[in-house]
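So you can see what is in the structure, the chains are spelled out below.
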Amino acid sequence: MTVITYREAVQKALADELRTDENVIFFGEDVAEAGGAFKVTPGLWEEFGPDRVRDTPISEQAIVGAALGSAITGLRPVAELMFADFIPVAMDQIVNQVAKYRYMSGGQFVIPLTIRSAQGGGAGFGTQHSQCAESWLMNFPGIKVVVPATPADMYGLLRGAIREDNPVYVLEHKALYNMKGEVPDDLQPMALGEARVVREGTDVTIVAIQMMLHRSLEAAEQLEKEGISCEVVDLRCMAPLDTATVLASIKKTNRLVIVEEAPHSSGWGGDIASLAADEGIYYLEAPVKRVNFGGSLIPYSPPLEDSAIPNVERIAHAIRSVII
Amino acid sequence: MTVITYREAVQKALADELRTDENVIFFGEDVAEAGGAFKVTPGLWEEFGPDRVRDTPISEQAIVGAALGSAITGLRPVAELMFADFIPVAMDQIVNQVAKYRYMSGGQFVIPLTIRSAQGGGAGFGTQHSQCAESWLMNFPGIKVVVPATPADMYGLLRGAIREDNPVYVLEHKALYNMKGEVPDDLQPMALGEARVVREGTDVTIVAIQMMLHRSLEAAEQLEKEGISCEVVDLRCMAPLDTATVLASIKKTNRLVIVEEAPHSSGWGGDIASLAADEGIYYLEAPVKRVNFGGSLIPYSPPLEDSAIPNVERIAHAIRSVII
Amino acid sequence: MTTIIPALPVNVRQTMLRQMLTIRQTENEIQGLFLANLVRGTTHLAVGQEACAVGTAAVLQDGDTVTCTYRGHHHALALGMTVKAMMAEMMGKASGACKGKGGSMHMTDASIGLLGANAIVGGQIPIAIGAGLTAQIKKTGAIAVTFFGDGTTNIGAFHESMNMAAIWKLPVLFICENNQYGEYSAVHKTTPITDLAIRADSYNMPGIIVDGQDAEAVYSVVKTSADRARAGEGPSFLELKTYRYQGHSRTDTGPYRPEGELEAWLKRDPIDILKNRMIDDGQLDDDEFAEMQHSAELEVHTALAWAKDEPFPTPEELLTDIYFEG
Amino acid sequence: MTTIIPALPVNVRQTMLRQMLTIRQTENEIQGLFLANLVRGTTHLAVGQEACAVGTAAVLQDGDTVTCTYRGHHHALALGMTVKAMMAEMMGKASGACKGKGGSMHMTDASIGLLGANAIVGGQIPIAIGAGLTAQIKKTGAIAVTFFGDGTTNIGAFHESMNMAAIWKLPVLFICENNQYGEYSAVHKTTPITDLAIRADSYNMPGIIVDGQDAEAVYSVVKTSADRARAGEGPSFLELKTYRYQGHSRTDTGPYRPEGELEAWLKRDPIDILKNRMIDDGQLDDDEFAEMQHSAELEVHTALAWAKDEPFPTPEELLTDIYFEG
Ligand SMILES: Cc1ncc(C[n+]2csc(CCOP(=O)(O)OP(=O)(O)O)c2C)c(N)n1
Ligand SMILES: Cc1ncc(C[n+]2csc(CCOP(=O)(O)OP(=O)(O)O)c2C)c(N)n1
Ligand SMILES: [Mg+2]
Ligand SMILES: [Mg+2]
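Chains as they are written, first to last, in this note's numbering: chain A, 1 to 324; chain B, 325 to 648; chain C, 649 to 974; chain D, 975 to 1300.
Hint data in this document are derived by calculation from the structure and do not stem from the laboratory. Please note that a few of the clues may not be correct.
With a cut-off of at most 30 Å between alpha-carbon atoms, the simulated DSS-like pairs for lysine-lysine come out as follows [claimed, not checked]:
#, chain 1, residue 1, chain 2, residue 2
1, C, Lys817, D, Lys1163
2, A, Lys225, A, Lys180
3, A, Lys39, D, Lys1163
Chain A on its own, in the form it takes in the complex:
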């Protein structure tokens, strides 16, 4: 059992997979010699060499295409798109090519491909560098989406993603890079698609991921003092989505609050709510609440950014509103 940061967990997972499987390669903008814009991948270029760990030009479409083409010809590529906000720059390659390639060919290809990006706000990077992208990818069957919230999950799920014989997009939250956590020395690659009840409770279910998960846990702490018992579910993987764990929790608590670091419309929160309104309808004893950006974008100004992103107080408020 060692304590490492979320950032170190990414590097360790990549290093371990590069070591285990010579077909694994890794490339992206300034990920090799410089060790990454967020200093997440130092040492890989030195250990695995310039053939397997490469810096690329600033060409996101070519980066994703290089990953797809190498994946269907025998390699197991991991590509980085620095900020998740750049996903739209390569969107066609990701959603029309990578996600559809196996299907269009009638199953001729196995696509062991992983793409990684840093996402999320709270650090003052402004409107074009602070978005969370998981919902952008979920309307496209064919690609799995992973959103780790702890160093251990980051390590286990990234290794699981690289081992996965399907395309996987791993979204790392910027604000968590410095978070420390215990990672068992013998931790194995994790299967994708399993949510986790991070905190048991009886009065209300809170569904969240990444930074919002940690803020939800804080809110749960506070509310415990008020006598409200919150069960907190970390989805961990958005596609495939572990609806069973969510439903079981709703069945137990009869109340649901969904916390998203994103605008309200066309996001995954709606799917969780629709799950509750369909299969979970007879469990519900209160309105299903969503805490998110509503209709706002992410401004640069620190106080404005803080007011855009759900904080502990807003989360606690929403929870109280379904208890009374």
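Given chain A, work out where chains B, C and D with the ligands should sit, using these hints.
Relative to the frame of chain A, chains B, C and D with the ligands by itself:
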């Protein structure tokens, strides 16, 4: 009152706006001399000339950028991206630039910009040419999204979109281009953001758009014979979303079925369901059902494509399931 | 067109000629199938561009890969896809190359190195970068060919891919079939240069203009560039000047063509060019050619009849092949 | 660097020199603000690239427009943004150029033609196409300038925009500030050519190499290209060879720079070049220069002190400016 096709309604709306406002320009791939890949825009180049109606190279990012740049410098551009499936090719310009441009600048720009695309399946165009795109755009505040289902709405909403002093994406459904309908000769540009109850009913609310709206209306016809009274709501505009009309209908019928021509995850159907599960929770007397692609993509093979896209029978089945 | 064209062995010439005849016959039948609504959506024919495909295919070896476009029937057949597999795919049948899931725009057969035909302009090009990357890292000696049209040289993915292939010295051949039109727009209306080959200079890459109607000219330039790529000297850009006899797609009749243009190109028909050269060289006579043509027709008609009777995929197929289930 | 440089009138030289001093002073203060966490997220400085901005700005007229990048402070100041508006924006204050909503990467001021600084590499380039389109259609005689870096010439949006501007003969100037690095990568590691200017050939567009450290050289080439564009003769691509003294952003110190590289460029400092030329021409003496430097410092310090005390936006501002409410 004249009867014209949905296709002709697009052409007429464009022609009328080009005639009314000399700042309106129109460009896209083969939209001018050839009159468009779907023969939607014939005659505009001839009438308004090569300066205002232009063919472009195959450069979707430059097309959208040209629209944004001309919109903030005094023109009122209408750009075409032939198939909505190509939106991902220009995704950055659409969601990171167009949608955010006013906000990032602190409100310095007015952006009277319209982009049009043909979307939807049912015609055998295959996996990369049959998608519906409205949900892809709705997670990005700053751009409005219009989805007309009839020739009259096509005409009125497209003119309304062009007149709108904000970015608007107008999605036209391929399968409706040949649909005929009455368009009042004095029909005015329509305001964006108003849903319409297309059919009144008492037992269940069906929310749908475009091709799914027409199939839902057929299902409603059938079910009437079985004694089930369906109220059918056409959203018409996805952003802004007219939640009041939807809620009023749920309040009336106490049951909700949502029909989407898209995969299940991260789509607008979830938002309608979450609206019902929140503000509408005390009206609901049955599970909220969604009819959509589930986790499938759109295959080419005719019988497979037919089975992917919700048909009258599947819609009727879902409705019955919430009535019993 | 500054390329010396060494004559190819008679057996290679015969193969190329046979393939061109089969391709043309197949394309003509497909147009009929589309009009009969047996092929749905859209279809894009390469009639007139046959030499681009067969001249390239004759150079390729096992392990080499190809990505191409919706206008890719000629490439699929030249690489060895059977007419049966293609015809069945055209009609969405279970026995089609892609189990009927791809259709006319997505003819794909990994077993012959055809990594996919793409319906997004430029979408296939970055994928070839990855195939070239595998060849380079695994030192397989294979090359990755990517075909695209003149209009596609104006899209971003083309530019990014050319640059990445060049900086990494990948074994990739960028083969542009300049058939003079992007959809309904003549190349000069969308592109401010006459010879697209010069775009290779932006990447310090050889850019070569080739007579796309002459299968042997195509072969010789592709061969030289392929050898160069296999030797680790990096990518090349080839501009094959060619012409599509049919419209862009579906029912397009090509009203935008200037008077006499098609007729002029018909005088340089790729089948005639090779056929006449073989006759001049005493390798072919009219009877033998008629026989070749006849057997091509027979093969295509047999395949067509067979494909029409093949079953559609079963409903379960809708949800298979989305993910590899292991 | 084959350009004859006509001397500019003394008043123009004085303006350019003053602006360069203000820019440098401002950038140095911004670095301090970032380290003090008063500027959050990230910031990209243009110290060393001042001549690119002031030489271009001196050519521009009312109605001309500019789009640029996150590394755009020098452009904003050269175009006339006040140091106060910039400093306030840096700190996210309500009185900032963008009401604090944009920050360091999005310095924008439509009133001076600055249509936006973009944080997506290449994102600003297509937007300039639209500004050029308006100028052409409305016959305003205006030009649209778009600034970008060396690394940006490898992204798709650059290529598509160059082609569209050329085919439509738009009055657009593509100005590449080749500061030798894209983030931490030297240009030769990502781009297989030495002179990026040759990429203009792909679009049949003039491509000109300019000494980006010499404000007058920049002025003269931009002037020629601007006049050409205003005359309806179409776009030009200018490669300004320059260098950024600081790291790419934030706390980067530039460990990837070869020994002595920075020192060599410091010898060609844009401020020194113009200053010495003016001294040689008897237009400036050391006292006057010291005075200029002093007033620049004063302006920046005053603005900084003022901005620090300015209020943040009120909470309501979160939801304004998303849509124009009319
Ligand atoms: C990104 C994208 N934009 C537009 C289209 C529509 N489209 C299909 S083919 C075509 C023309 C392509 O021309 P060219 O590259 O010359 O290839 P050709 O069809 O002549 O073989 C266009 C514009 C598309 N499929 N994808
Ligand atoms: C699409 C996109 N990819 C990557 C980045 C991250 N990034 C920011 S600046 C930069 C380097 C740009 O280099 P260059 O074009 O030379 O401009 P410079 O920073 O040197 O002025 C990169 C890769 C980005 N902002 N946008
Ligand atoms: Mg073409
Ligand atoms: Mg640079």
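Cross-check of the supplied hints:
1. Lys817/C <-> Lys1163/D: Given that 30 Å is the threshold and the Cα spacing comes to 12 Å, the pair holds.
2. Lys225/A <-> Lys180/A: Distance of about 26 Å is within 30 Å: holds.
3. Lys39/A <-> Lys1163/D: holds (20 Å)
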